[in-house]
Amino acid sequence: MELILVNVIDGLVTGLLLFMLSAGLTLIFSMMGVLNFAHASFYMLGAYFAYQISLALGFWVGLLIAPLIVGVMGAGVERYGLRRVHQYGHVPELIFTFGLALLIEELVQFVWGKNQMAYDIPDILNFTAFSIAGNSIPAYKIFMIFISVGIFMGLLYVLTKTRVGMIIQAALSYPRTVEALGHNVPLIFMGVFGVGTALAGVAGVIAGPVLGTFPGMAFVLGSIVFVTIVIGGLGSLWGALVASLLIGWITTFAKSYNIAMSDILNGIGIATPENLSDNMFRDLWTVTSPQIADILPYILMVLILIFRPAGLFGKRES
Amino acid sequence: MKNITKLGAVSALSLIVGATAAFADNIKIAFIDPLSGPFASTGTNGLHQYQFAADHMVNEKGGVLDGQNFEIVPFDNKISPKESLIQLQVAIDQGIRYIAQGNSSGVANALTEAIAKHNKRNPDSRVLFLNYAAVDPALTNDKCNFWHFRFDANADIKMDALTDVMAADDSMKKVYIIGQDYSFGKAVAAAAVANLSSKRPDVEIVGNELHPIGKVKDFTPYARKIVASGADAIITGNWGADMLGLGKSVIENGYEGPIFTYYAAGSGMTAAFGESAKDRIRLISQGGINPIATEEARATYDAFEAKYPEGNIDQSRIFNVIGMLAQAIEGAGTADDVVAVAKQLEGMEYDSMWGGKIFMRPQDHQAIQDMHVGVHTNENIDFDYDNSGYGVFTESTVTMASMDSPTTCKMKRP
Amino acid sequence: MSTAALELTGLKKSFGKAEIIRGIDLSIGKAERHAIIGPNGAGKSTLFNLITARFPPSAGTVKLHGEDLAGLEPYQINRKGLSRSFQITNIFPKMTVFENVRCALLWSQGYKYSFWNLVNRSRALTEGAEAILEQINLLERRDLPAGTLSYAEQRALEIGITIAGGADVIMLDEPTAGMSHSETDYITDLIMKVTEGKTLIMVEHDMGVVFGLADRISVLVYGEIIATGKPEDVRADPKVQEAYLGAALEAEH
Amino acid sequence: MNDQLKTDPSKPAQRMRAGSMTLTLGPWIVAAIALLVMPYIFTSNSALTIMNQMWITVVFALAYNMLLGQGGMLSFGHAVYMGLGGFFCMHLMNYIEDFGLAFPLPLLPLFGGLFGMGFAMIIGSFSTSGAGTRFAMISLGVGELIAACSVIIVAFFGGEEGISGDRTYGLPFFGVEFLKQIEVYYLISFWLMLSAVLMYLFSRTPVGRMANAVRDNPERAQFLGYSARWVRFYSFCASGFFCGIAGGLFAISYEILTEENLNATSSGVILLVTFLGGVGFFFGPIIGAIAFTLLQTVLSLQTELWAIYVGGLFLATVMFFPGGLAGLMMMHVPALRLGKAGGLVMPYIKTLIPGAIGVLGVCALIEMTFHFRHAAKGDHEMTLFWTTFDSHTVMPWLIAGIVAAVGLGVARATAPAMKEAWDEANTAGGAS
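Protein chains in written order, with full-length UniProt numbering: chain A, 1 to 318; chain B, 1 to 414; chain C, 1 to 253; chain D, 1 to 432.
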């Protein structure tokens, strides 16, 4: 029972972290129609910048400045790269971000080398907040929860209560009309792209110390972010939140409990074949839930796309 | 203007041909390992150790035979079996007869088979495979061949030695085994179960599981399970980011016992573990460097550090590879006839500067050597890793580990 | 008495709460040229889309030659001999003019999804496509990408694509929208020429075109047909007068 | 509607794209002769191996472009179809060996193709109902699933070390045992020619033509009597078939298949290859495959930083030449037709050569920075462009910097003249 509570907290942390990435991505997608493959690369840049800054000025300065730098870089990418490619259509745009992701990974290796960086949790947060049945919950995780919830609230406030938010929401659905009303839509696009990548940067800054800061960190996260926003429904902030938490919990629980395929199959009345080691499907019988935990989101996505193409909360078909 | 065009044409051509231009007198060793991509740090560090070892142990001492130098030719295989096979072909075409590779047993499997086929089909350009790090036991058992030599201990030997040390600790009651879901992870788990149940039948294995390799972002759920199981020891074969992620996560989430593992040092990992993992991680390896075994080794390490301040000698067996190859070539009197060289290597006994003897077992081409279990600490460390102040200090040693272990290898000799 | 080419019975369509088409009964005979007119927002295009199964109707039936079209996909309806054009030009912009027309011929010439025939080996296809290009006067534009044609030419091409498959019921959605007078005359003549002997149903704003082409006219206002009949009868109908005048007055406010 | 077509369409290059290519034998004969002659020019085994790799990639890229270029479907998991075809062939090869069946090796790729097509039929049955994001994300999901299965289902995929076999155990085929690389080369070349011709012919069939129509305007295609879904499905299956053939050729060439044949990286690479070559032209992927294989194998022998250059080249291509290398070449067709291409030669030399030298200068700076940062201490010597120098002195930096600046500067200064010459060369008649 206690373990369930611990898993709920762990899943929440994972989910909220995913949300910080997917929130920016879903905004960018719904506004510009671009599936930004380089989104996780900005997350990586956030971690590396924060590491570099933390060496000189400490963790907190890094938390403030690194996302800003990442956001400015993101805006620059939109202004000087994407906007140019935009005229050729969506596929070249997507491929542009794909190439960008490769290039960023190479550049990070060029600058920082290929090793894992010793980017650590700040001492002030390096203690155990509380324990549940011997499982310690580090204070840093509580801190991560607060940061991400804060960002979600802020985002929700800006989007629903401020004038800028209204314009963005309108531009999401009717870019031409908004432009006709005298708003600078390219500027809005650039701003949204910048903010979206900055959010990814924040995620990188706070995830770097726990999940590791290394050149492969973007690749590890890469496609799962897309999966999240597709499951949630493209363009839906709430969808992104729900899908992130869903994925966080599904993967956490799947890893925490060793459910074997043979148990399930036996449970529904199929007996284990006698000579399992000679059986063609022997590997399927021995599959356990932790083995497939990280591909469950993909299965979920394919199923959702087949049966509900708009995603959980999406209004339009992708 | 014309000159520029000409220059351009010439340079374009030589770009392609350049790779094949050879220095006739050198004995070339192709180093086929990842130099770009996610595993590049290990590969690059290995390359530096090879280059340093060749210069330091052979070239600066006048070379082998009548003054021939060793030359390490790097090939980037991007840790892909396909690329490795292409690079192997390129290397063979450049007249290279010695292939060194170590990262990834998958690549090693592909290479050893390709080399066996190549040597059978092209007797004029046979090559030897110097495997310095791929530890899949199959390579010296079912899949063994005459051309393959393994200088590292295989996963079974390492586990045998590791469990010898573990078994001596009476307080250990519950063990958790976790690893990456692929051949090596499974081999480690199987060996751990077999060894523990014979050496310490009283010890309970409270968990034995596999996780996807290179895909786990957050190890917290695994850490929870391990803590909840009440394990007082963890055995894992994880490496790279999976090792770091697992190690940090279990320590952070309240696990108190030791982690017994294979690859948790160097390549940035020692620095990243730092204080948090002090006295918690125990590594099995050959050739311990703290305390250093010989003065020669100390001088070598000092020279290496002077040349590569950011590098580590974390695979000291590379020096054994170079030393043993040089000795074999001297013994055979030729570097071109790889069969003669291979026959010299078979059964060779070599005194390593890192301490102890190395015996290349002729029946399966598996090097038998001393195995050390070391602890991750910052005390008594002469040679740290990653300039972090932390390193691995040898706590116990198993001499000539698994000398008489059985092998299923049926070596076919030419 | 022969069955009508197209027969609508009690056709309704709602989007959410808004009822756009409120029960339409209409029968169009074979080889009749029928125009649907009405003020903006009356639901003319929606009606077209209902007939061609772009949207499913909320209620009612559509019968083509007496056969119920319920549940059929657009491509299945097309195979039954109903072809349409679109209000917004809808061609294959990256393919040549010739290929646009040839693609439209493929199904009717029985090629289906075959991958064992080569299209440029078929003389019937080439000649058929060229005959249509000749009809729509685009023969010399044959090898240009369709996207590069002028607007009127693109509209002509679209009509060509629409008739190419040999459908006997042709539906044109505002074929002359946005055209100059001379272009309009040109397209009107073209429609006259290519729909000879076929059933034509068109939505049109230009009353000149409508009265020049149509055998019968239906007036659609707020999702209902308020009048159907010969052009002169419809023109005289007081309800029509009122609807158009009312709409005009409303527009002034 | 016109926003997909921003490039000037009055150019005949665009006309070519529009697909009125007639079946001319010329290029095919040239290609066949080139395939036959290549081994006499590049005789070494490694050259043969690299060429084998190239031709396999060509088949794969052409098959991929059946979807991306011809059908407008973007797949993120296409390595799966090639990989599965290859795995199947490998099992077949081992089966033949174990049971001593009389089965000629050259037919093997056909079975890979059938298996690839079979799998494509299963996936295509639900993924092809839409193009766009939905198709792309399903392909991504399926790709990840199969890649994950490859380490879980060891019985079929052999885990991390994959499965391997020996091509020489089958019955000799008219006395050829496929011991030598050259024999394998001709086997692969034969299948390359056959597949390329078949794929080209496929694009000329009714369903191939309709694939283009569905790509441009799925709704209109529906009103021509064709179900967009079925047209996509057929393209998808055909693509799966040729991917499977590529997989079979891979199995023969390397005699091993591993997880890397299925993973996301391979799927991503084929997207890069195809786009680099140009999706708008049938021969685009061929150029892309050749260029990429050379970059990957030859450039990576020269520098560790090859991936940076490839990434940069790729981004530049997407940004400035969305038609890819093939598009770049076909841009010159109008000038050639007008007989004015000669007028372009001098302006090109004046701009592009300094530009290239400038770019090389920049590369030199990158290499030197890398060496400065990451080389061993005391190892100041580096060799670049056949000159050995000390990277810790000012001089080389100065030289490289000046070369880069002057080269790019000259290119920039002469660019307007080149543009002018370009416009002039593409104007019919003209005031020359």
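For the record, the hints were derived by calculation from the structure and aren't laboratory data.
Using N, Cα and C, we set each Cβ at its ideal position, and we do this for glycine too.
A few of these clues could be false.
Stated by the list, open to error - Computed cross-link-like contacts, DSSO-like style, restricted to lysine-lysine with a CA-CA straight-line distance of at most 30 Å:
1) C:LYS198 - C:LYS230
2) B:LYS186 - B:LYS217
3) B:LYS28 - D:LYS419
4) A:LYS161 - C:LYS17
5) D:LYS180 - B:LYS143
6) B:LYS343 - D:LYS180
7) C:LYS80 - C:LYS193
What the hints assert, rightly or not - Pair ranges (Cβ atoms, derived):
8) A:ALA133 - B:ALA167: 45 to 55 Å
9) A:ARG308 - D:GLU177: 19 to 29 Å
10) B:ALA168 - A:LEU125: 52 to 62 Å
Next item on the list: Kindly indicate which numbered hints from before are broken by the structure, ordering the numbers from low to high.
Entry: Checked against the structure, the hints that fail are numbers 3, 8, 9, 10, while the rest are satisfied.
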